[in-house]
Amino acid sequence: MTTIDTHSKRQPGWKRYAFANHFRNAEDEFDACKLGFWLFLATEILLFAGLFCAYAMYRVKFPEAFAAGSHHLDIRWGGLNTLVLLVSSFTVAMSIRCAQLDNQKWLRINLVITILCAFMFFFIKLTFEYIPKWSHGIRPGVLYSNPFAGHPQEPVWWSVYYGATGIHALHVLIGASLLLWCLYRSLRYKAYGPTHYTMLENSGLYWHLVDVIWIFLFPLLYLIH
Amino acid sequence: MTTIPTPHDHGHHEGSYLTPPKGGFFAAVIQWATTVDHKKLGVMYTVAVLSLFMVGGLAALLVRVELWEPTRVVLNEAGEAVTTGQFFQLGKTPAENYTWYNRFFTIHGAIMVFLVIVPGVPATLGNFLLPLMLGAKDVAFPRLNLLSWYIYCTGALFAILSLINTGVDTGWTFYAPYSSSHAANTYNNVVLMTTAAFILGFSSILTGLNFIVTIHKLRCPGMGWFDMPLFVWAMYATSIIQVLATPVIGITLLLLIFERIFHVGIFDPAMGGDPVLFQHFFWFYSHPVVYVMILPGMGIASEMIAVHARKPIFGYRAIAFASLGIAGVGFLVWGHHMFTAMGELASTIFSALTFFVAIPTAVKVFNWIATLYKGSIAFNTPMLYALTFLFLFSIGGLTGLPLATLATDMHLHDSYFVVAHFHYVMMGGTIIAFIGGLHHWWPKITGKMYTEWVGMTGCIMVFIGFNVTFFTQFFLGTQGMPRRYASYIDEFQTLHQISTVGSMILGAGMFVQLGNFLHSIVAGKKAPPNPWGGLSLEWYADSPPSEHNFHHEPILTHGPYDYEDVYPPHCDPADFPLPEPLPAGAKHH
Ligand code: HEM
Ligand SMILES: [Cu+2]
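One line per chain: the protein sequences are A and B, in this order.
Numbered continuously in the working numbering, the first sequence closes out at residue 227.
Numbered continuously in the working numbering, the second sequence closes out at residue 618.
Read the hints as simulated data drawn from the structure, not as lab findings.
Treat each hint with caution, since some may be false.
Unchecked claim - Listed next, the in silico DSSO-like pairs over lysine-lysine satisfying Cα-Cα at most 27 Å (straight line): (1) B:LYS246 <-> A:LYS36; (2) A:LYS135 <-> A:LYS63; (3) A:LYS36 <-> A:LYS107; (4) B:LYS69 <-> B:LYS246; (5) B:LYS69 <-> A:LYS17; (6) B:LYS403 <-> B:LYS51.
Whole structure, please, built from the sequences with the hints as guidance.
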């Protein structure tokens, strides 16, 4: 994926790209990378599936605790973050489209918007949700110290909440790093163009995954009471 | 007969993959440490897996030694009560010594499962052979392959750290809430060990992913799906399970780590959590994973039996689809580990589904036997191992059935019967096939022949030792000996002692095999490219294969088991005559 000759600056990186020699042609390599990445995404979905199972089980077991817990969540921040992620999913798709059309300028603009959205999501989550809650003693498990718990089992709800959104937030950061790397390579080498954009495409797929998981987490945590 | 170019077709000769680089020892170390060559990675994995197999095996022998005598409290000459019969004297009190017993069987189980059998065949023989069998230069993502190797090393490091730091006494299953809240050591060890398993999971996922893509994309020209050797089909089914099941153990272990560090209460009933949820999560992964363990073993058996019986494998498609069938049904039966913890309806359904797994398994066994029937069977170490595999695995599979039956499992659950069952499938099946496979492909991997009579002697010792060790345990289990106890009632002592003697024979047999391998590296005869007359593509390559496997991209013109129509490459046709053509109108068999 990275066999770009950095010394000859005459041609953009995507034209200079040479596929790895154990493949028969560049197309095979692209297909292989995509198949591999889809398999990887399947593992990510299964990872979250475990969390969703735990959520479903405890929701059935302690419905009141879950209702009490979810009342503490502010739909407005959750909604805003959903919007931020939806926009970023659109822009990342656009940047891939721009690579296919060799529109280097808009490829980068779209990438920058996507990355800004990623950090905005993280910022909102941290400053308006995690930090205030944590400082009020609304924490997972034995760390929970809020005197006004609505239900004795409320800490379990917060464990599920912090577990699920925490692991999701980690994925946001990983996705943002991938996209930053793409941006760097685009600025430095014009690495992505009509005949070669594997890395950008896969990072984009990853970003959609982060988005889709949030689309499930948002109603489950914020909307159902 | 065939248009596959052989290494002698043309003048220039590329060095073997084992040729050391110029620049001496350090250059060689760096070359191996940074290699993306699937063959070198396969060899490094083999060394690591076999070393850990030795550590895990020695731990098991110590466990067997502890069970030589039950613990008794007797009066000494001075009239004081003293405890006798404890081999592990590492603690200050008899109770602490028991904890050491628990640590040792956990060391054994965790190493064997997470570091030996699960990565075992795919990472070692799989890595080495898959591209060769497909006629490819490498796996699809060679650098990812190197990454998997270092992830595996990191996981192993965490496991070893936890062991040095006095180890874990939870059993390899890490059941909550004991593991999350009560285990009798500082919590760091459980966290270290579960982190190790979590990290090893990534290695497993990446290897599986790499193999799936390789099989889809890198088959050589002319090779359709049904022209692949059955070992490749087995790797394909295994990889699917690795990719789909491992993430679930990932999240389970992550939650267990949270539980242990923050006491989040997800699995701890004291806080409203549900320990049975842990068991569901754990077995949702760990049952499919027993097929990650056995499917590669079945793949190896298919190769060894077909090559050394010189017969087209009976029911090629049935075996291929049985692999996929096992992989599929394997996802639906995890509840059979928790019959005692579930409702009647759920137990009944899981019991019925479990019986279904036996069907594709039996299909394979019958096909292997049918392949042997009227074959020209070579009597050598790989064939001996293949027969051992057939015998032991059948016992293992059949004893799964009484465990899948609700009424009998109530009695047998958590007893030595279960211990014997899974050793017959995991050791008698997977490990036996693995060692047999190492003999079968040893000439290809190292370019050296092992000594045949030593290999056969080792195999016979392993066979006898294994059965003496574990067949006894079926009796112990049916008589009520529970698993994971350091002591027992006096009535069981004879059987326990027989079992311990057997384990020593087994261990000795393993060392004979090891000695044979080491001797062959130092002083073995040079191996020809195709000592057994095999037809799959790895036998077209040199022994050991050249840097890029083949000198030209191979083009497949015959199936892997066409022994009745094709002379094997690099061989004297007189050594492997084709069968007489049948009279017109007659059918085979
Ligand atoms: C014919 C197919 C099989 C059937 C019907 C079967 C059935 C079962 C059942 C019902 C149990 C649970 C017993 C209990 O705890 O009460 C069990 C345990 C076990 N089986 Fe199998 N099994 C089969 C094949 C295999 C294979 C191929 C492997 C591994 C390669 C395997 C490995 C294990 C292990 C490791 C355990 C015990 C786990 C533990 O509690 O530590 N089984 N089997
Ligand atoms: Cu099972």
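Quick rundown of the hints versus the structure:
no. : hint                 : in the structure
1   : B:LYS246 <-> A:LYS36 : holds, 11 Å
2   : A:LYS135 <-> A:LYS63 : holds, 24 Å
3   : A:LYS36 <-> A:LYS107 : holds, 25 Å
4   : B:LYS69 <-> B:LYS246 : holds, 22 Å
5   : B:LYS69 <-> A:LYS17  : violated, 33 Å
6   : B:LYS403 <-> B:LYS51 : violated, 51 Å
Hint compliance for this structure: hints 5, 6 are not met, and every other hint is.
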